[in-house]
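Visitor: This note's numbering numbers the first residue of the sequence shown as 0 and each following residue consecutively.
Just to be clear, a hint being listed does not mean it is correct.
Stated by the list, open to error - Beta-carbon label-pair distances, calculated as ranges:
#	residue 1	residue 2	range
1	HIS36	ALA96	38 to 48 Å
2	THR33	LEU129	20 to 30 Å
3	LEU129	ASP106	28 to 38 Å
4	ARG100	GLN59	27 to 37 Å
5	THR173	ASP60	55 to 65 Å
6	LYS98	ALA144	17 to 27 Å
Since the hints were made in silico from the structure, they are not lab data. The beta carbon of each residue, even a glycine, is placed where N, CA and C say it ideally should be.
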Amino acid sequence: MALEHAILVSLLEQPGSGYELARRFDRSIGRFWTATHQQIYRVLRRMEADGWVASREVVQDGRPDKKVWSATSDGRAVLVDWLHEPVEPETVRHELAVKIRAAAFGDPAALVTEVERYRAEHAALLDHYLVGERRDFPDPDALDAGQQLQHVVLRGGIEYERMILAWLDDVLATLHRLGTPPSTPGT
């Protein structure tokens with residue numbers, strides 16, 4: 000997937016300024032496809048040159064004018080074509096997993112603090128997702144098609160975080176087991 004596709008999805012859901020789009024990436028899309036604010040602005044300009052997005056100036060009182068971006072019909076067509084392309088299995092690059100394997104050559108107990116920190120970050124993200132789910136999807140039976148698709152992606156994020164937390168609990172249990180010297184028979 001290219002950043003262009005993630006931007007098109009966001010703009011088709013709701014047009015916005017580059018700043019607003021970057022904030023959406025920070026809040027939601029960024030957990031699935033990351034981009035810096037500079038990358039988003041650079042890609043928006045390229046997409047405009049390709050005719051996939053258009054901008055209009057919006058005059059603001061007491062603040063500089065802003066550009067509001069929206070997807071064009073050509074941009075929508077690009078996204079529809081992309082939907083028909085096969086999705087390849089993703090390659091996972093996971094530094095913590097490599098460190099866990101490396102612990103066999105060092106001190107497994109030394110990783111406990113890092114795994115606990117990492118687990119706390121994922122627990123906080125799960126809490127954030129659950130709060131957002133309650134706020135944004137209070138009545139799942141009343142959602143339109145777009146909201147149902149947004150909700151199913153959020154539920155995937157929730158289940159992913161639950162899976163990561165279960166795995167990290169297993170990692171911590173293993174590290175604690177390995178970090179405890181075996182007892183000597185008869186002591």
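Visitor: Can you tell me whether the CB distance of LYS98 to ALA144 sits inside 17 to 27 Å?
Guide: violated (42 Å)
Visitor: Note whether the CB distance of ARG100 and GLN59 lies within 27 to 37 Å or breaks it.
Guide: violated (53 Å)
Visitor: Cβ-Cβ distance between HIS36 and ALA96: within 38 to 48 Å?
Guide: With Cβ atoms ~30 Å apart, the hint is violated.
Visitor: Given the hint of 28 to 38 Å, is the C-beta distance from LEU129 to ASP106 inside that range or not?
Guide: Holds - the Cβ-Cβ distance for LEU129 and ASP106, about 35 Å, lies within 28 to 38 Å.
Visitor: THR173 and ASP60, beta-carbon distance inside 55 to 65 Å?
Guide: Between THR173 and ASP60, where Cβ atoms are some 60 Å apart, the hint holds.
Visitor: So does THR33 sit 20 to 30 Å from LEU129, Cβ to Cβ?
Guide: holds (22 Å)
Of the numbered hints listed earlier, those contradicted by the structure are 1, 4, 6.
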